[in-house]
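Hey, can you work out the whole structure from these sequences and the hints?
There are 2 protein chains.
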Amino acid sequence: MNLIKNTTVTLCLAVVITVFLLTYSVEATSRNNYEAVVDNVIFMIPDGFSASYATTYRIYKESEDLIFDPMLVGMVKTNSANNWVTDSAAAATALATGYKTNNKMVSISPEGKPLETILEAAKIAGKATGLVATATVTHATPAAFAAHVTSRDSQTEVALQMIDKVDVILGGGKRNFLPKSVGGLQQERNLIEELELKGYTYIENREDLLKLDAATNKLLGLFAEGPMSPELDRNVKEEPSLANMTATAISTLSQNKDGFFLMVEGSQIDWAGHAQDAAWAMKDVEAFEKAVEVALDFARNDGRTLLVIVGDHDTGGMSVGGCDSYLSKAEILREVKATGKFMANKLSAKRRNAKEILKTYANIDLTKAQVKRIKKAKDDEVADVINNIISEHAFVGWTTKVHSGVDVPIYAFGPTSERFTGLIDNTDIPKRMAHAMGIHFKDVIGSH
Amino acid sequence: MNLIKNTTVTLCLAVVITVFLLTYSVEATSRNNYEAVVDNVIFMIPDGFSASYATTYRIYKESEDLIFDPMLVGMVKTNSANNWVTDSAAAATALATGYKTNNKMVSISPEGKPLETILEAAKIAGKATGLVATATVTHATPAAFAAHVTSRDSQTEVALQMIDKVDVILGGGKRNFLPKSVGGLQQERNLIEELELKGYTYIENREDLLKLDAATNKLLGLFAEGPMSPELDRNVKEEPSLANMTATAISTLSQNKDGFFLMVEGSQIDWAGHAQDAAWAMKDVEAFEKAVEVALDFARNDGRTLLVIVGDHDTGGMSVGGCDSYLSKAEILREVKATGKFMANKLSAKRRNAKEILKTYANIDLTKAQVKRIKKAKDDEVADVINNIISEHAFVGWTTKVHSGVDVPIYAFGPTSERFTGLIDNTDIPKRMAHAMGIHFKDVIGSH
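Chains as they are written, first to last, in my numbering: chain A, 4 to 451; chain B, 4 to 451.
These are computed hints drawn from the structure, not numbers from a lab. Careful: at least some of the hints might be erroneous.
Per the computed footprint, the stretches of chain A lying under chain B, defined by three or more beta-carbons under 8 Å from a beta-carbon of chain B, are [claimed, not checked]:
1. 324-330
2. 438-444
Here are the simulated BS3-like pairs of lysine-lysine, each with C-alpha atoms no more than 25 Å apart in a straight line [said to hold, decoys possible]:
3. B:K404 x A:K404
4. B:K332 x A:K404
5. B:K107 x B:K434
6. B:K103 x A:K332
7. B:K353 x B:K378
8. B:K404 x A:K332
9. A:K332 x B:K107
10. A:K64 x B:K378
All residues carry an ideal CB built from backbone N, CA and C; glycine is no exception.
Put into structure tokens, the structure is as follows:
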């Protein structure tokens, strides 16, 4: 009996120990899962990019091999707190803070409270941080990652708030970092000088960017007074491409041993959509794709980098095909060598050279009716008319000059990329990125 | 030494046996994975449904709880063999056979060879088969699953080819099953009588459908001479809903012990898109959602059913928001109680009652300018003008009266649903369904 009792006790103990060990290892695993599984997050935002842009770009390239396509994991709801159709400020706030706010507001709650951003949380956690954009770097999308303002128009204030938070700032908008008069008040600070004093390397053109000292770890590059150029019109010797800036941002930030958070915006896809300029849109998607290639190469080699790519909303209600035809000829957009606005500026006073300009820059032989449309257009609508004619040739449809509210595709690569699958909300994205980096968000921050 | 030798031999043998057993079990697992993992496939096609319809429907319902949303797994490329913008015949051919063909062609290769369909393969494998549509059941989408014709217009020929392949046929199109003169030739066969002789129960209205004998296993239900009614205009006592037909199809087909393949089409979402009738589109999406609910309930309880939902293409280039405003008011479409066509038919000779008709059926107070637009419209464009006015009120944009080529969302539930994730081609879908059922496709079939 004693033997049986002893055996029973031993067996029971063995079971208890086994269960304990199993439980402990499961607990450890689940805690480990919550611990950082990536060092770096690269968040790439093609502003205004929806499924129609993806499909049109596939036709434009006449290729099934888009760099995004194999990374598609799901779709994202884009509405803002007060509207089914978001603007870029509310969209970027959702993507940066995990909270919905009202259109126009930048990382401030609808009630006016500042919301901690994933860039700020990453900075506190010891990571290097970067913002890259082809708009002014103080424009709504980058702004939402490092500033808190009730109106996206306060770009000088955004620049002020970026100091001490962002290690690498690359894009347009030099004017917002320099002294000027604001609403009658003189703003005296020269933020470029201040940042140089803080140890930033300041650069202004592509050459500076490409010959940077490899040891640079704080970098301010402002490549235009206002926004940088549309990719179609860019002076490729003067201005760096989005891929150039992305490569430099990554090489600079990746020197930090505790990892980095980088946001890269393809800003002008959205502006092309507002202008309904299909060729500009496609060329800027192409520039964005090249930047994605740079980021993907890094993430592939690194193994501890999460890459997430998602448009903040659709712009223009673009459609693949239009004009009541079962056709798309988006590939002809490759023949277009300038934006509609550029071509409009090339027209002579009475626009008698319309046929020649469209032939030169878009390889389109205008019909008499089309020449007449261009000649009759109001001064501020000539570029629109040119863009409409080009869209009709390519069978690209548009419904609006602002944004649409359609769900947008999301792409992800690297550890935890599977956590972005299915239909998710835009506010889910920074939460999942933070989780991947093992960072906890504070909700509302006390002051800014 | 002998001991060591023996021990070594024993160890080696143990390793060999272990490796063998492991290899065998991996082989068995991988073969099992290729064996049938589901008995049934329910394939639901909301014709013309893209992400814009999904988002607009969320606003229409003022709800975040769409039945589709949690099932989103990826997106699908829709182009046909000869065009970036597919028609429904080529799209349905891809979805039914796994091959791209030219627009207009129904499960025939571009070279004219008949392509085996998943429904035909399922039938040969001993499964029961069904087709449900609110169009004529011989229309392009259902046709592609059970017929092979070079032109989608040959609906009488499609009806002939459906005999002996499809156990449950429910939808519109009685006229295509009855004798009539075709291009001067008298077509003598009465397919309804022939099918009754083969043991089919024939029904013609909702009451017949709801009081069916539970033992029925072959069923022909033709509820209209031509297409069934748009959900907005349906006589709910006479005509069954798509959900009614789906429930009956499932209960009839699921009697077969070897499982079933069922295709259910929400046909008229597409027609609403062609008409740019936003209220019709949303009401037919609602009817489709109710049918999905029926199918999902069955799949959940059954556990051996794969449910796949995907639009064949977008129709209309619909956008969420439009008219250059950051707004969508799709919820007002719930107030619309009839199609634009129905309202146009209610207008008096000089359309003096336009204001009253739009108030009665759409709860819209027309402005004087809008009344004028309706009065001035050509006879065949009155419905279009009414639809445009309603879309403007709801801020729904449109770019085309035909299809667009945008990638569309795909939803799946049940075993192997994860195999539809990411960006896939429309031709991948039937292949993966066949794989799930453990069925091999023949490529081209010898004759039809």
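Hints, verified against the model:
1. 324-330: Satisfied; 7 residues make the cut.
2. 438-444: n = 0 at 8 Å, threshold three: violated.
3. B:K404 x A:K404: holds, 20 Å
4. B:K332 x A:K404: Within the cut-off at roughly 17 Å; holds.
5. B:K107 x B:K434: holds, 22 Å
6. B:K103 x A:K332: Between B:K103 and A:K332 the Cα gap is close to 19 Å, so the pair holds against 25 Å.
7. B:K353 x B:K378: holds, 7 Å
8. B:K404 x A:K332: Since the Cα atoms of B:K404 and A:K332 sit roughly 17 Å apart, the hinted pair holds (cutoff 25 Å).
9. A:K332 x B:K107: holds, 20 Å
10. A:K64 x B:K378: violated, 46 Å
In summary, the numbered hints that this structure violates are 2, 10.
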